[in-house]
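> Build the full structure now, drawing on both the sequences and the hints.
Residue numbers (this note's numbering), protein chains in the order written: chain A, 167 to 544; chain B, 167 to 544.
What the hints contain is simulated information worked out from the structure, not anything from laboratory work.
Don't be surprised by glycine CBs; every beta carbon is placed ideally from N, CA and C.
Incorrect hints may have been included.
To be verified - Below 30 angstroms or equal to it, Euclidean Cα-Cα: the simulated DSSO-like pairs (lysine-lysine) are:
1. B:Lys485 - A:Lys368
2. A:Lys247 - B:Lys483
3. B:Lys391 - B:Lys241
4. B:Lys491 - A:Lys483
5. B:Lys391 - B:Lys175
Stated by the list, open to error - Example chain A residues on the side facing chain B (calculated, C-beta under 8 angstroms, incomplete):
6. Ala209
7. Arg233
8. Ser250
Claimed, not checked - Covered by chain B, per the in silico footprint, the following chain A stretches (three or more residues, Cβ under 8 angstroms):
9. 234-244
10. 413-425
11. 508-520
There are 2 protein chains.
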Amino acid sequence: MISFKILKKSKKSRARLGVLKTPHGEVQTPAFVPVATLGAVKALTFDSARRTGAQLLISNTFHLHLRPGEQIIKKMGGLHKFTSWDRPLMTDSGGFQVFSLGFGGEHGMGKILKEKSGLQIKKGDQPKTIKIRENGVEFRSPINGEKLFIGPKESIKIQESLGADIIYAFDECTSPVADYEYTKKSIETTHRWAKESLKHHKSKQAIYGVVQGGRFKDLRIESAKFIGALPFDGFGIGGEFGDDKKAMSQMLSWVVDNLPEEKPRHLLGIGYLEDMIPAIKSGVDTFDCIVPTRFARHGIAFTRTGRLDLSKTIFLKDKNPLDKKCKCEVCKTHTRSYISHLFRAKEINAMELLTFHNLYYFNEYVGEIRKLIKSGKI
Amino acid sequence: MISFKILKKSKKSRARLGVLKTPHGEVQTPAFVPVATLGAVKALTFDSARRTGAQLLISNTFHLHLRPGEQIIKKMGGLHKFTSWDRPLMTDSGGFQVFSLGFGGEHGMGKILKEKSGLQIKKGDQPKTIKIRENGVEFRSPINGEKLFIGPKESIKIQESLGADIIYAFDECTSPVADYEYTKKSIETTHRWAKESLKHHKSKQAIYGVVQGGRFKDLRIESAKFIGALPFDGFGIGGEFGDDKKAMSQMLSWVVDNLPEEKPRHLLGIGYLEDMIPAIKSGVDTFDCIVPTRFARHGIAFTRTGRLDLSKTIFLKDKNPLDKKCKCEVCKTHTRSYISHLFRAKEINAMELLTFHNLYYFNEYVGEIRKLIKSGKI
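And the structure:
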């Protein structure tokens, strides 16, 4: 069970300051939610993750179902005990994999978004690698090719075995190139699965419903109204959010204005720094993204002066910390020179140090936004 | 500058309890010395490395010369400042690479030692990939194929730029299959290079001479006497140490009995757990080895009940810590199940957690030996 209290509402936007109480502690919102796909923040120990200020993590149901399997985690006392993460935790539903292993995998997820490829998914189309059925989705395990079936019933069962504080209803995350008819049909499926998810939900975990609807105003509104009317504890907002911040803000406003105000809203898979203020101003309370962690593993540091690519030789002679104003232990201890050396020499702890800094920086950034809401500046 | 004080000598063996004082603090000896090849303990931050109880690290001159280059490190204020390691530090001379990139690389280092391959290196033989000259060794950079020349002069110059507390004279580390004549000729080279190293040594860093001589009693004794008579601050013992612990103990006794008693002795590149007591009983004060860190990255934990291979599925259901009696933060926090899951899922922090435990365990193990010497039990 969770409770959500709105401490302050912005007068200038939909932004709000809140506190989300869970059985594993409180989350000050708005909050960035680092991703712990397989029950670990990649390249960091949880001890380090805590020191970055991470309040709430999200793990992936689909991935944990494959490895090590929810039965093992259940036997070990659930995901908190298994991993030793003692703060709030959510699991996604596997709905994102309907996209990423389906049309997304086929069409190339990034490319579509950037290039407006001319591809179009029409009503009745099926991805090649998975099959979307009435009651769920037939997957192939990316690890061993084994057949898997996950629908609302299966997703909830797995998530109940995992035992996170917050779980999600199973949904179809649609592709940015799905056309109106496809998307209209898809939200019918997502809505049916939302009700099914609630039906199968027996545990005391909080459950969020997921709003879809792509880039189509009426479908987003329809989905928000439908999902918002169901007895969920909070709401996820999934799918695409357009090409720019303005489009994202608009799409979010369609959704947010049609969700119950008193319940928490989580934006699924969005979290570049430049997305944060628009998302928060649109009324989002929490949001997860792999950006700070994945970019770290590719040698990229986020700083107040922009992104730094530590693989570049220029940084080998740079005595500055990653970010001069950052108070994280990496910036207090190490130079760009040393971290660049480690990254170029393929030392594992380069990823660790960069992940630490990026997460700290993202968490600090949202912390500053919380202060701005509090002081009435946002 | 360093000083070495022997606190207690064993009555039953050559073992001694000591304290090695360096500009960056003291080392309680006997001590295990973790390897920080490129200025980082692989997979660990230095903050973590400190918490494993590591007292003294050894970095590799050859590797740091290639990446990032000693000039960059010098500009950054030396290796301590560059890396943020604030405890004692030594750099090897590059002499091991004369073996590992020479005959060792050609013949397969591990295989020779295990299989007694019938290979033999005779006087006048040269490895194919490097050339051993009068004044040093012609290498090819393993990174870009560039020609490199390192002799005693170059090695000392590089090590002075790096600025560790303790540096080593340049030597030829001979192969286990080098015959008597080759080894006899080789120690002449090593001895000449030892004198050259001293001649070029201008800094206030402590410098250790390296004893070689392979498996040959008279050559080991000759080398120990020669190197031991030079004004070094301590001594490294390099090369091979036979097939078993008994052979190692015997070879070490030939050397140790011919070195000045009051100076510290470092065994280069030896450090399986089972080697520690024989080495310490033979009068060794410090020893380095990649075993705990490299094995960790391959999923192996060292424990009181033997080595565990965490890649095995059996550990997925094992609720025990890596070692029941271990007091390290990994054993206090995590189960074998979780670490096995992380390792099998190729999560980077599996390597981090295993490296932490292994180093802590090795350091604890030597700490126990120190207690046994103190109480007169060794």
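> Counting residues of the segment 508-520 of chain A that have a beta-carbon nearer than 8 angstroms to any beta-carbon of chain B, does the count reach 3?
holds (count 9)
> Check whether the Cα positions of lysine 491 of chain B and lysine 483 of chain A lie no farther apart than 30 angstroms.
45 angstroms, violated
> Between lysine 391 of chain B and lysine 241 of chain B, does the CA-CA distance stay at or below 30 angstroms?
39 angstroms, violated
> Three residues or more, CB to CB closer than 8 angstroms: is that satisfied between the segment 234-244 of chain A and chain B?
holds (count 4)
> Between lysine 391 of chain B and lysine 175 of chain B, does the CA-CA distance stay at or below 30 angstroms?
22 angstroms, holds
> Okay, the segment 413-425 of chain A and chain B, do three or more residues pass the C-beta test at under 8 angstroms?
violated (count 0)
> Hint validation: serine 250 of chain A versus chain B, beta carbon distance must be below 8 angstroms. Holds or violated?
Because about 5 angstroms separates serine 250 of chain A from the closest Cβ in chain B, which is inside the 8 angstroms limit, the hint holds.
> Taking 30 angstroms as the top limit, are the C-alpha atoms of lysine 247 of chain A and lysine 483 of chain B close enough?
Status holds; Cα separation ~13 angstroms.
> Holds or violated: lysine 485 of chain B and lysine 368 of chain A, Cα atoms, limit 30 angstroms.
Holds: lysine 485 of chain B and lysine 368 of chain A sit about 27 angstroms apart, inside 30 angstroms.
> Would the stated hint for alanine 209 of chain A survive a check requiring a Cβ distance to chain B of less than 8 angstroms?
5 angstroms, holds
> Less than 8 angstroms between beta-carbons is the criterion; does arginine 233 of chain A satisfy it with respect to chain B?
Status holds, d = 5 angstroms.
The structure shown violates the earlier hints numbered 3, 4 and 10.
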